[in-house]
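Enquirer: Line by line, the protein sequences give chains C and G.
Counting in our numbering, the first sequence runs from 2 upward without gaps.
Counting in our numbering, the second sequence runs from 2 upward without gaps.
A hint or two may mislead.
It does not matter which identical chain is meant; a pair holds if it fits inside one copy or across any two.
Within a straight-line C-alpha distance of at most 30 Å, the following computed DSS-like cross-link-like pairs (lysine-lysine) qualify [as the list claims (entries may be wrong)]:
(1) Lys428 with Lys10
(2) Lys555 with Lys236
(3) Lys9 with Lys70
(4) Lys70 with Lys142
(5) Lys113 with Lys56
(6) Lys56 with Lys70
(7) Lys443 with Lys157
(8) Lys236 with Lys145
(9) Lys595 with Lys555
(10) Lys145 with Lys167
(11) Lys113 with Lys70
(12) Lys70 with Lys145
(13) Lys34 with Lys443
(14) Lys595 with Lys145
(15) Lys188 with Lys239
FYI, nobody ran anything at the bench for these hints, they're computed from the structure.
Please read all numbers here as calculations on a predicted model, not as lab measurements.
Given next are the chains, with one letter for each unit.
2 protein chains.
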Amino acid sequence: MSTPSRFKKDKEIIAEYESQVKEIRAQLVEQQKCLEQQTEMRVQLLQDLQDFFRKKAEIETEYSRNLEKLAERFMAKTRSTKDHQQYKKDQNLLSPVNCWYLLLNQVRRESKDHATLSDIYLNNVIMRFMQISEDSTRMFKKSKEIAFQLHEDLMKVLNELYTVMKTYHMYHAESISAESKLKEAEKQEEKQIGRSGDPVFHIRLEERHQRRSSVKKIEKMKEKRQAKYSENKLKSIKARNEYLLTLEATNASVFKYYIHDLSDLIDCCDLGYHASLNRALRTYLSAEYNLETSRHEGLDIIENAVDNLEPRSDKQRFMEMYPAAFCPPMKFEFQSHMGDEVCQVSAQQPVQAELMLRYQQLQSRLATLKIENEEVKKTTEATLQTIQDMVTIEDYDVSECFQHSRSTESVKSTVSETYLSKPSIAKRRANQQETEQFYFMKLREYLEGSNLITKLQAKHDLLQRTLGEGHRAEYMTTRPPNVPPKPQKHRKSRPRSQYNAKLFNGDLETFVKDSGQIIPLIVESCIRFINLYGLQHQGIFRVSGSQVEVNDIKNSFERGENPLADDQSNHDINSVAGVLKLYFRGLENPLFPKERFNDLISCITFHSTVMRT
Amino acid sequence: MSTPSRFKKDKEIIAEYESQVKEIRAQLVEQQKCLEQQTEMRVQLLQDLQDFFRKKAEIETEYSRNLEKLAERFMAKTRSTKDHQQYKKDQNLLSPVNCWYLLLNQVRRESKDHATLSDIYLNNVIMRFMQISEDSTRMFKKSKEIAFQLHEDLMKVLNELYTVMKTYHMYHAESISAESKLKEAEKQEEKQIGRSGDPVFHIRLEERHQRRSSVKKIEKMKEKRQAKYSENKLKSIKARNEYLLTLEATNASVFKYYIHDLSDLIDCCDLGYHASLNRALRTYLSAEYNLETSRHEGLDIIENAVDNLEPRSDKQRFMEMYPAAFCPPMKFEFQSHMGDEVCQVSAQQPVQAELMLRYQQLQSRLATLKIENEEVKKTTEATLQTIQDMVTIEDYDVSECFQHSRSTESVKSTVSETYLSKPSIAKRRANQQETEQFYFMKLREYLEGSNLITKLQAKHDLLQRTLGEGHRAEYMTTRPPNVPPKPQKHRKSRPRSQYNAKLFNGDLETFVKDSGQIIPLIVESCIRFINLYGLQHQGIFRVSGSQVEVNDIKNSFERGENPLADDQSNHDINSVAGVLKLYFRGLENPLFPKERFNDLISCITFHSTVMRT
């Protein structure tokens, strides 16, 4: 170290030390303040969280109650209507009514779930925040105690430094003064020696004697001062060593405090804070995610019911509801008059030629009519297709309304622009009604034509049988009611339903022809499964299975797989039975022909009437 | 056909016919009634659906408003606090505050989404139901018109049957009467012939003449009656044929109506009903599903923030917030006294032995102290681990509260039983606080010990240097502040942080040693990527990327993969920059050593002060 141009005075050094210590002290106070402030902020945050969740719980409860009221109101209303009671019995609801009930169920489910959410907020989440707040305060107190101890230790170290520094100053000052005294003595001795170096002859004897004793005295003094100086010098060195060692220890302690202990203190305050907060927020998340899952399940059930919105089975149910109105009447029988024993068309000689002529006329008339009517039918079908395209347009996706763009523009503007532009809707509807108008006109024309054809065809066929001719007309539009329909012709006669020959909702005969399977795999597989696991099962074919599972199995079959192939019974037996029922219900030509339906029904009615009386 | 035992009289036949027709008429009326009723039920259902969604829209709007108010209230409160303003500037939020803001954001998002839901109900779903209701009514009217025409046609056919039947009766009756008249003539003729068979001789000539003319007359009459009979017979046969043909045509027409036309009529009523209902309900489902998706996204963001609840980076931020309080103070410098030129520990002859002795004493004292303190440290660590296990217990799953059992039991009972049993919680908390108590006691003991060690170690090390010994003490707990720390030792000195030498939050030197990579792959790969795509990118390293993507990339690197290997820029550049920042931030020994942190900060402060003045 180079010599400083100017020595610092003791006072300056002490002042410097004291200012440094003062600064540290101020920092220690400041640190405590910061930690206290942090804890206060945490407590405040936790208080806010509690208030927030308390308020949110209120909102959820209110929402839940409103939803419950809504569901109850409509449930009550529905329960009182007669159609409800009518349908309730056999659980065989019309598909739109089924959707409606599921909608109400979903609202109930949402109501329950939001009530549960509120309950979890109040009894779990808020309690956790309360506890975290308590914990934070306690941790801060504990860390404050430790901080106090650390600060005291630090102050002790600093005081020690002060002490050893002062000691060093003192001994060094003493060492300097001893040195200067020694130097003074040496100077005196030198002077004496210098004086005694004067020519001797000038000096008197007593003077010489005097001088000698003085030299001795000076020498003695110098020796004394030399000893004193050495002693002080050693003390000073030791004091300086001690000062240097303490300085090193002080700096080490100060930096240990700032780099490690301070960090430990903060860790003490933090102890468990983040982890507990994590758990509290995860409880909230768990509740929200579960609410979502439940909601989603409910929506899936509705979606499934919407998928099953189906006019065909509803029509069936509708007709079954009113058998008296829709049951075909008795045939008009031939009533022979006054013992007329002939009850068939007579083709004896006098009338035969006439009948023959009439038959030929009928045949040619029918041919013309059918060609004409076929044209009308084609137009009708095409128009119907247009209408169906219109009513099945996929215009129900509202995803874009839920885009959370970063911009703060109002949602409304986007909404109105995209999914419901009123002029375009009005135009679409006008167009649709115009098409309808045309469709009904053509349908009427077609029905008129086909009614005439039916009449003439019946006469034609009877004449044909009577005249004993072998061949039959090819494209008959209807047939005598007592002849079972040929499926293909049946399909031709119902042009407005669009079935394709799929596994479900298809035509069994077509399927058998196309696939080469005598018994469709689905029937065989389901029956095998039921045979294995279902025969002892109570309520088999009565209890309905899981709609989701039924659809899964159905879809799997439709993909050409066999989901029931492995022997593990991991499918619900009721669902498997449901698939089989679904398959039979969906057949385009029912297993029990529609033409026989009313006969079968009246059979049952008759039977039960007989049984009752 | 066997001969009936008794002939039905004309009147009976007519009565039977009329009752059959009457029945059909009644059925036709009934069918119209059924269709009308069905339409009424549909209109009613659609009205209910409209009312339902109108009411639900109200509930959603109210819910949305309440949520918005809730968010606004706390946002406003938060905005006014000073910590918000403090943090807002640099967007560098403490992780719990970040969670809190995201929670408020989520409420806002939910509020917006439920408002959108309400909007879609009102402006889309309800409108659709209204239109379906209109359509159903219109379709019913059109089908009624067609039904009217079909009924008229049917009645015409039935009337025709009546006419031809009556004609048949008439002609047959005439035929019978002609036949009986013929028979009567034949009988008379026979009588005449019988009488003429009497012995001739008895008869007078004029009598004979008279008889002959009478026979002729009878013969003539018989011929006339024969002709009449043949004519009537033919007419009767033709009438019967006509009756039979018409009967066939009538039955065909009636059955065509019941089997096909009726079905067509129902189809007419149904036209578009199911499809439109499907679309309306799908709009509802789309809205609900989208709400759910949006909600889920928001929850995922919160979950991510909860994952990032992290005391270490928060501590860092906290200390950065108050640099004045946490900046280590200046070192205490050696102040030489009054020109003392020696500023190092002096180990000259007189004090050397003493220093040597002292050094040895320090060494042995330190060894003992360290062993003792190591024990205390282990206990402290174990206790801390216990506490951490307590506060990280995974007790936040509330799934079972959302089980929708089929039973109608109240949800509350299940809730209180499972997730929050108060006695067990109290016990757990008491246990935790006891452990805490012990931990703090031990921590204090440990800190006291390590403070003493620090002091003695500093002196020991200084003496060691002074005495010029080559070897260094092995397990020093602290080091002189101006010597950069050796990472391993640094790690030892901070026993309560649990870091393992992973890629992230690890020690770079250890990593380099373990992996053999001079530059970690992650650094190389990120910098290469940024070099390729990011140099022109505005806000690089400032704009934060997607937290999800950052985590993905990070996890990928941690699995040892290189997600940025392929040259396609399918990663957001900000996310890649985020990964690099995350990596450097997570290093256990920061790139800029913590010991230099305050120097660097004051450098900047100084620089900017100079620039400003």
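Enquirer: Does each hint hold? Answer for all of them.
Expert: Cross-check of the supplied hints:
no. : hint               : result
1   : Lys428 with Lys10  : neither (101 Å within a copy, 65 Å between copies)
2   : Lys555 with Lys236 : neither (103 Å within a copy, 63 Å between copies)
3   : Lys9 with Lys70    : neither (88 Å within a copy, 68 Å between copies)
4   : Lys70 with Lys142  : neither (50 Å within a copy, 37 Å between copies)
5   : Lys113 with Lys56  : both (18 Å within a copy, 18 Å between copies)
6   : Lys56 with Lys70   : both (21 Å within a copy, 10 Å between copies)
7   : Lys443 with Lys157 : between (109 Å within a copy, 22 Å between copies)
8   : Lys236 with Lys145 : neither (42 Å within a copy, 128 Å between copies)
9   : Lys595 with Lys555 : within (25 Å within a copy, 66 Å between copies)
10  : Lys145 with Lys167 : neither (33 Å within a copy, 119 Å between copies)
11  : Lys113 with Lys70  : both (12 Å within a copy, 24 Å between copies)
12  : Lys70 with Lys145  : neither (54 Å within a copy, 39 Å between copies)
13  : Lys34 with Lys443  : between (90 Å within a copy, 25 Å between copies)
14  : Lys595 with Lys145 : between (89 Å within a copy, 24 Å between copies)
15  : Lys188 with Lys239 : within (28 Å within a copy, 180 Å between copies)
Checked against the numbered hints above, the structure breaks hints 1, 2, 3, 4, 8, 10, 12 and satisfies the rest.
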